[in-house]
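Chains as they are written, first to last, in the numbering used here: chain A, 1 to 275; chain B, 276 to 533.
Calculated directly from the structure, the hints in this document are not laboratory data. Accuracy of the hints is not assured; some may be wrong.
Reference excerpt, derived from the structure (chain A facing chain B, CB under 7 Å, subset only) [to be verified]:
id : residue
1  : ARG84
2  : TYR103
3  : GLU104
4  : LEU112
5  : TYR113
Think of the CB as a built atom: it goes at the ideal place given N, C-alpha and C, for glycine as much as any other residue.
Each chain is listed here by its residues.
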Amino acid sequence: MLTKNGVKLNSIIKVENLTKKFGDFVALDSVSFDVKKGEIFAFLGPNGAGKSTMIKILITLLSSTDGSGIINGFSLIENPAQVRKSIGYVPQMISVDGALTAYENMMLMASLYDVPRKERQKRIREILVFLKLEKFEKTLVKNFSGGMIRKLEIGQAMLHHPPVLFLDEPTTGLDPIGRQDVWEHLLELRDKFNTTIFFTTHYMEEAEDVSDRIAIMNQGKLAVIGTVSELKKKTKKANATLDDAFIFFTGGELSEDRSNFRDIKRGRAMERKLG
Amino acid sequence: MLNYILQTITKSYIMAKMEIVKLLHDPTELITRAVQPILWLGIFGEALSKVRAIPTGDYTYLQFITPGILTQSVVFVAIFYGLSVIWERDTGILQKILVTPTPRLALVWGKMISASVRGLAQAVIIFLFAIILRINLNLTFISVAGVVLIVLLGASFFTGLSMIIASIVKTRERFMGIGQVITLPLFFASNAIYPISIMPEWLQIVAKVNPLSYMVDGLRALIVSGNYSSLPLDIFVLFFATFFISLLSTYMYPKVVI
C-alpha cells in the first residue's frame, strides 16, 4: 500500500482522539474515525452534538484542543495550507453573492483558489455545463432558485478539483426536485472523479439513500459509525428505520441546551430564502 | 515572504475588483450616498457662508468646508463598511473565503480598497457639485493625485476601524448603533466644518488625535490653500494609522466566524 506521511492513502480523512473545549464546555470529546477515498459519508447528530465544531476543525477554521486530524495526507495542525487546497467547502448558509452573476461568482472563487489564469474560464464553463447552469452564467444569482444556488456553490467548491468536499446541510430548505437534482450531481461527481463527500443533514431518508457510511454524534462523542444496515441492526429492533437508529443512539430526547437561538434563526431564515 | 506579499496584493485586487463589479451592476448606492454631502455644501455651507461667523482666513466658507464635507462622506462610507463583514458572516461567504488559500490581510485590504473606490466616486460627485456652486478649488494633476492618496488612506483607516468594531459586536443592530454613535463625534471633533482654533481646549486635544482632522487638513492643503507644509505630517499619520489598523483587523477579523 502506498503511504504518504505514514497514512494509508485510501483513508482520505483520519481523525484521532480529536477534542475541542470552549472553556469548560467539551464540544468534542476524543472523537476518532476515518473516511475512505471516494466515500459518501454522512455526519449526523442532533443540534449541538458537535457536528459544526467538527466541520470547522476539519476545514481549518477552528483549531482543536487535543488530538489530530489528517486530510489527504496533510496534518490539520502542521499543514493547514495544504489541507485547504485539498478540500472544497459548501457552508449551510447561502454563500454566493446575489449581486454578482453565476460566472462572476465562479471567477471569484477560481481566483481565490489560485486556479491558473489560463484555465479559469475553461474550468468554469466545464463545471457550469456539468451542473446544467451554463444558460444562466450571465444571470444575477439573486434570481436563482434554491436548487440552482446550491449547485452553483458546489460548482465553486469544485473549481480547484479538491479530492474532498465538505457540505454542511446541503439540501436544507430545498424542495424535493431541487434536492434530487443536487444529489444527482454530487453522485455523478463521486463516480467521475472519485471525490469524497462528507456531509451533514437532518433528513434521515437522504442519509440512507446516498451514503456509504454514517457517523452519529451525540453530546460531543461519536455514538456510532457504520453502514446504514449495520446501524439499523444495532438497534436490535425489527424493521428498524434510520430514524429509529438516530433516536436509539442519541437518547431521543429534546433538550434545551443543544441548539442555540442564533442557529435556529439562521436555519429558518435560510429555508425561507431558498423555499 | 515575497510569495506572501504577492499573494496578498493579487488577492486584495481580486476581492476589490468583485466589489467594483457589484457596484457597476447596481450603482444606485453611489447616487443615494451623494445626497448628504450635496445638502451639506448646498444648504449648510451656503447658509453659513452668508453669516460669516466662522473665521476661515483668506478663503470663503464654502472653500473651507469642501474638503471637510469630502472627508465626511468618505469616512461615513468607510465607517459603515464593516457591516459587510457581519453580512458575509451571517451568510456563509466569509467562512467559505476563509477556507481558500487567501492571506487574511488580503481580505482586509480588499475591503479597504473597495471602500476607497466608493470614497473616490464620492469625491468626483462632490467636485462636480463644487464646480456647479462655483467654489474655487485648486484642481491640478498633482492636487488630484494627492486627493486620491489621502482618500485611499483615510477610507482604509476607517474601514479597518469599522471591521474591528464588526468583529467585536457581531450583530447588525449593535454595529449600526455604535456606527451612529461614533460618526458624529468624529466629524464634530475635527477641523471639517470649523477651524480647530475656535474649539474649547479639551476639544482641540481630541481633534488633534482624530485621524479625520489629518485627512481634512491634507485635502485642504491640496485643493484649497496650496500650502503643502503640513502635508507630509498628514500623510505620515494617516499611513501609520492605516498600517497599524490593518494588522489589528487582520488579527480580529477571522474571529468573527465563531
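- Could you tell me which of the numbered hints above are not met by this structure, giving the numbers in increasing order? Violated hint: only 2; rest satisfied.
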